[in-house]
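Colleague: Sequence:
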Amino acid sequence: MSWSVSNIVLLLKSKISHIPGNKEIFDMIESIMYEKDLAKQYRTLSIVIGLIPTVNVVPAEPVIEKINTLERKIDDIIILRRTWST
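Quick note on numbering: UniProt numbering labels position 71 of the sequence shown as 71, and the sequence is numbered without any gaps.
No false leads were mixed into what you were given.
With a straight-line Cα cutoff of 25 Å, these simulated DMTMM-like cross-link-like pairs (lysine to aspartate or glutamate) come out:
{"#": "1", "residue 1": "LYS13", "residue 2": "GLU24"}
{"#": "2", "residue 1": "LYS23", "residue 2": "ASP37"}
{"#": "3", "residue 1": "LYS15", "residue 2": "ASP27"}
{"#": "4", "residue 1": "LYS40", "residue 2": "GLU24"}
{"#": "5", "residue 1": "LYS13", "residue 2": "ASP37"}
{"#": "6", "residue 1": "LYS13", "residue 2": "GLU61"}
{"#": "7", "residue 1": "LYS73", "residue 2": "GLU61"}
{"#": "8", "residue 1": "LYS15", "residue 2": "GLU35"}
{"#": "9", "residue 1": "LYS36", "residue 2": "GLU24"}
Please keep in mind that the hints were generated in silico from the structure rather than gathered at the bench.
Kindly produce the complete structure, drawing on both the sequences and the hints.
Modeller: Printed below as a string of structure tokens:
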């Protein structure tokens with residue numbers, strides 16, 4: 001693997017969150033490291049770069065649950081304010 005490809009692979013591995021939703025992208029990045037053909041390395045690298053917008057930064061479920069919890073709390077506050085003002 002050329003020095004440039006090696007650096008790009010290390011950079012990608014360090015910047016993409018290590019969560020199950022990103023396993024496919026990590027597998028592709030790993031495959032670049034073991035590929036001997038430079039043209040194939042760059043082909044895979046271009047696919048990985050194209051997939052970056054689809055990378056999961058954090059698992060969605062905990063974020064959704066926190067948003068739902070916050071929404072319920074806000075609703076409770078609104079209800080309390082209405083009961084106090086009457």
